[in-house]
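Line order of the protein sequences matches chains A and B. Residue numbers for the first sequence follow the numbering used here, so the first one is 1 and each next one is one higher. Residue numbers for the second sequence follow the numbering used here, so the first one is 387 and each next one is one higher.
Read the hints as simulated data drawn from the structure, not as lab findings. Just so you know, not all the hints are guaranteed correct.
[To be verified] Derived DEER-like restraints, expressed as beta-carbon distance ranges: (1) A:353 - B:542: 21 to 29 Å; (2) B:750 - A:340: 49 to 57 Å; (3) B:547 - A:340: 55 to 63 Å.
[Stated by the list, open to error] Over 12 Å on every C-beta distance to chain B, these chain A residues come out as not near it, computed from the model: (4) 35; (5) 36; (6) 39; (7) 68; (8) 220; (9) 292; (10) 295; (11) 298.
Just so it is clear, CB atoms sit at the ideal spot from N, CA and C, and this is done for glycine as well.
Protein chains: 2
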Amino acid sequence: MAGGVACGIKAGGGPDLALVATADGRPVPAAGVFTANLAAAAPVQVSRRHLQVTGGRAAAVVLSSGNANAATGSAGLAAAAEMCEVVAAGLAAGAPEPRPEHVLVCQTGLIGIPLPMGPVRAGLPAVVAQRAGDRQAAALAARAIMTTDTVPKEVVVSGDGFSVGAMAKGAAMLAPNMATMLAVLTTDAEAEPGVLHGALARAVAGSFNRLTVDGCTSTNDTVLVLASGRSGVRPAPAALGEALAGACSQLARMMADDAEGATKVAVVRVTGAASDADAERAARRVAESQLVQCSLNGADPYWGRVVSELGSAGVAFDLDRVAVAYGGVTVCSGGIAAAHDEAAVAAHMAGRTVEIACDLGLGAGTAALLTTDLGYGYIDENRTTS
Amino acid sequence: MAGGVACGIKAGGGPDLALVATADGRPVPAAGVFTANLAAAAPVQVSRRHLQVTGGRAAAVVLSSGNANAATGSAGLAAAAEMCEVVAAGLAAGAPEPRPEHVLVCQTGLIGIPLPMGPVRAGLPAVVAQRAGDRQAAALAARAIMTTDTVPKEVVVSGDGFSVGAMAKGAAMLAPNMATMLAVLTTDAEAEPGVLHGALARAVAGSFNRLTVDGCTSTNDTVLVLASGRSGVRPAPAALGEALAGACSQLARMMADDAEGATKVAVVRVTGAASDADAERAARRVAESQLVQCSLNGADPYWGRVVSELGSAGVAFDLDRVAVAYGGVTVCSGGIAAAHDEAAVAAHMAGRTVEIACDLGLGAGTAALLTTDLGYGYIDENRTTS
Numbered sequence: 001m002a003g004g005v006a007c008g009i010k011a012g013g014g015p016d017l018a019l020v021a022t023a024d025g026r027p028v029p030a031a032g033v034f035t036a037n038l039a040a041a042a043p044v045q046v047s048r049r050h051l052q053v054t055g056g057r058a059a060a061v062v063l064s065s066g067n068a069n070a071a072t073g074s075a076g077l078a079a080a081a082e083m084c085e086v087v088a089a090g091l092a093a094g095a096p097e098p099r100p101e102h103v104l105v106c107q108t109g110l111i112g113i114p115l116p117m118g119p120v121r122a123g124l125p126a127v128v129a130q131r132a133g134d135r136q137a138a139a140l141a142a143r144a145i146m147t148t149d150t151v152p153k154e155v156v157v158s159g160d161g162f163s164v165g166a167m168a169k170g171a172a173m174l175a176p177n178m179a180t181m182l183a184v185l186t187t188d189a190e191a192e193p194g195v196l197h198g199a200l201a202r203a204v205a206g207s208f209n210r211l212t213v214d215g216c217t218s219t220n221d222t223v224l225v226l227a228s229g230r231s232g233v234r235p236a237p238a239a240l241g242e243a244l245a246g247a248c249s250q251l252a253r254m255m256a257d258d259a260e261g262a263t264k265v266a267v268v269r270v271t272g273a274a275s276d277a278d279a280e281r282a283a284r285r286v287a288e289s290q291l292v293q294c295s296l297n298g299a300d301p302y303w304g305r306v307v308s309e310l311g312s313a314g315v316a317f318d319l320d321r322v323a324v325a326y327g328g329v330t331v332c333s334g335g336i337a338a339a340h341d342e343a344a345v346a347a348h349m350a351g352r353t354v355e356i357a358c359d360l361g362l363g364a365g366t367a368a369l370l371t372t373d374l375g376y377g378y379i380d381e382n383r384t385t386s
Numbered sequence: 387m388a389g390g391v392a393c394g395i396k397a398g399g400g401p402d403l404a405l406v407a408t409a410d411g412r413p414v415p416a417a418g419v420f421t422a423n424l425a426a427a428a429p430v431q432v433s434r435r436h437l438q439v440t441g442g443r444a445a446a447v448v449l450s451s452g453n454a455n456a457a458t459g460s461a462g463l464a465a466a467a468e469m470c471e472v473v474a475a476g477l478a479a480g481a482p483e484p485r486p487e488h489v490l491v492c493q494t495g496l497i498g499i500p501l502p503m504g505p506v507r508a509g510l511p512a513v514v515a516q517r518a519g520d521r522q523a524a525a526l527a528a529r530a531i532m533t534t535d536t537v538p539k540e541v542v543v544s545g546d547g548f549s550v551g552a553m554a555k556g557a558a559m560l561a562p563n564m565a566t567m568l569a570v571l572t573t574d575a576e577a578e579p580g581v582l583h584g585a586l587a588r589a590v591a592g593s594f595n596r597l598t599v600d601g602c603t604s605t606n607d608t609v610l611v612l613a614s615g616r617s618g619v620r621p622a623p624a625a626l627g628e629a630l631a632g633a634c635s636q637l638a639r640m641m642a643d644d645a646e647g648a649t650k651v652a653v654v655r656v657t658g659a660a661s662d663a664d665a666e667r668a669a670r671r672v673a674e675s676q677l678v679q680c681s682l683n684g685a686d687p688y689w690g691r692v693v694s695e696l697g698s699a700g701v702a703f704d705l706d707r708v709a710v711a712y713g714g715v716t717v718c719s720g721g722i723a724a725a726h727d728e729a730a731v732a733a734h735m736a737g738r739t740v741e742i743a744c745d746l747g748l749g750a751g752t753a754a755l756l757t758t759d760l761g762y763g764y765i766d767e768n769r770t771t772s
């Protein structure tokens, strides 16, 4: 079940408080993957602790947008904990469960500003009361976690006898003012918390963690999954992982497509690296390069910058073996310019999606990352918080 | 002696070929520090080899702008070597020295485009013939290495009985299209090549390597020093190092001030880190953050982004101990917002130079880095090479 309301965290009055809960309010196996930022926000600290003390069980996720509740000290921790208590009490309605630690919390917005608890306290009973099991209720939740997103992001993936539903906001490191990505997945599959966590961690590694724009790691990034088991189907871990990965990959692509300020999405693919780790490091260096991103904004196939980033990525590298292609057209081979169809490259660069393929000519390591261009829009979005 | 001419590498016809040479054309102790990029340009490879085979002696440096001669393969290496041969022959005028390996070469400009050797061949005899020992000749050289620089960068530092003169272009990773920094220092001090190299390496570490804008490491970065010994003074290594460091620091600041597209220069200072290495890593993370740089562009004292970068810098970190100040006014203390004089902070942010001080509250490690803001100008400069 889900729901979403406007409680007044956002000055503009938009939807800003969402809930995802099991149908009967009872805790089910759950898992989470959180930001690696050591300045982790209060909701991240609270959710981590709750999953730990319950051994991976949760009945609900409460989410708010407009304030990150990060760098807010002990008051911020108390606020996040109180949100879980109020939701647990509302769902339990006198029953012993869910307990507060069966509720997880996600928040997104500006860092360093005390969370206005007045609006939150008023909104929590409303969103608990409003929750419903239909698509419309899910859409309300997906909308209430949006910040700079222009469209809500929801996806359903069908497995063999089970399904995965998921929503996300963001933004990742793309959507700037509110630099946070949140995603909540639910599935009716049966799965133990440990299996669920392993599947989620692999899914995140291959999707959200392969999306980068500015290399900034948010204080609030959180991906959660709750497995109700209502399908009665217990998929093999691989099948469960595949379904979660499918949902996460679709959401990651939706985030890149909706990245505010971006005019292009680029897939940076590195092959021929000495190892997969080298390939990922090289692809990340290229994908995060401000100069490469500026070239994308100008639709300029300046491969020299790509080669320069590969050479400074800290991976095994031999310039004489490097090849670079845009949209399948090789522009650099053996480390020097290659004669090519310039019109074909220009047409590819002018499109919304650009493919940059780099072969290091050294081994079998491969990796691919999603990124965007860097243009006026990113500056406009990020120069002030007002 | 020095000189600078327009030979025709630059399409616009601006000065693009420079020479720095000893007064009598004889090799003197020399040292160099080069880019760490594994896609090192041909001139970097040639200069490195020349310093190696001569054991650190050089008679001249030939520099060109408008083409980086990087990712140009064996033809590029042959071109850079030929430049040294022609200059050596011109300076030697029939004498056995300087040999070609006594000439070093620096180039800056676009990557991946074959160097037009016709103009270079025509220009080399001209710049050799034109060389002179006065300030005007030095100014011509400083002008001929400019790319997106708006002013030439020269500096003189006086030691105890000796002096250091230096010129630089750039740009570092700041001045985008031609992402290269070059610097040539000369001194009349006496110094063995090993002492010279140690002093130069320390000077570069504390100056050019503490300047970062986009974190991109050029294929061509080169800093060279030639020590003629004509003062007859052999300074203590520490005194020599201090003079070189003074010259490099002044040039680094001039580069930041002249960074095209930038409207502000920021000094990011980290104190209280567990070690100096941690402090530098944290300062670099903050200084290179696109989000922090965008806030600088908007004069927005959004310290939450600074804290977020500190927390993801990969260093020892405890949010509860973190303090952040802009221009000496503390805006965050104990990891949360601190009441402060907002007008004073706004006035500081509106200025050309912004000071961001971060205290991690953990130890005695300190570091400071120079950076700039990220605004429309950077995009304009970098979106296309045309």
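**Q.** Nearest-CB test (12 Å) between chain B and residue 298 of chain A
**A.** 3 Å, violated
**Q.** Beta-carbon spacing of residue 750 of chain B to residue 340 of chain A - inside the hinted bounds 49 to 57 Å or not
**A.** 55 Å, holds
Q: Please settle this one: residue 295 of chain A was flagged as non-interface, so is its CB more than 12 Å from every CB on chain B?
A: 7 Å, violated
Q. Should the label of residue 36 of chain A as a non-interface residue stand, given a Cβ cut-off of 12 Å to chain B?
A. Non-interface label on residue 36 of chain A violated, nearest chain B Cβ at 7 Å vs cutoff 12 Å.
**Q.** Beyond 12 Å from each Cβ of chain B, as asserted for residue 220 of chain A
**A.** 9 Å, violated
**Q.** CB-CB spacing for residue 340 of chain A and residue 547 of chain B relative to the 55 to 63 Å hint
**A.** 59 Å, holds
**Q.** Non-interface claim for residue 39 of chain A versus chain B (Cβ beyond 12 Å)
**A.** 3 Å, violated
Q. Beyond 12 Å from every Cβ of chain B: is that where the Cβ of residue 35 of chain A lies?
A. Violated, because the least Cβ-Cβ distance between residue 35 of chain A and chain B comes to about 8 Å, which does not exceed 12 Å.
Q. Does the claim that residue 292 of chain A lies off the interface hold, with its Cβ farther than 12 Å from every Cβ of chain B?
A. 9 Å, violated
Q | Pairwise beta carbon distance, residue 353 of chain A to residue 542 of chain B, judged against the given window 21 to 29 Å | A | Violated, since residue 353 of chain A and residue 542 of chain B (Cβ atoms, about 53 Å apart) do not stay within the stated range.
Q) Are all C-beta atoms of chain B more than 12 Å from that of residue 68 of chain A? A) 7 Å, violated
Violated hints, listed in ascending order, are 1, 4, 5, 6, 7, 8, 9, 10, 11; each of the other numbered hints is respected by the structure.
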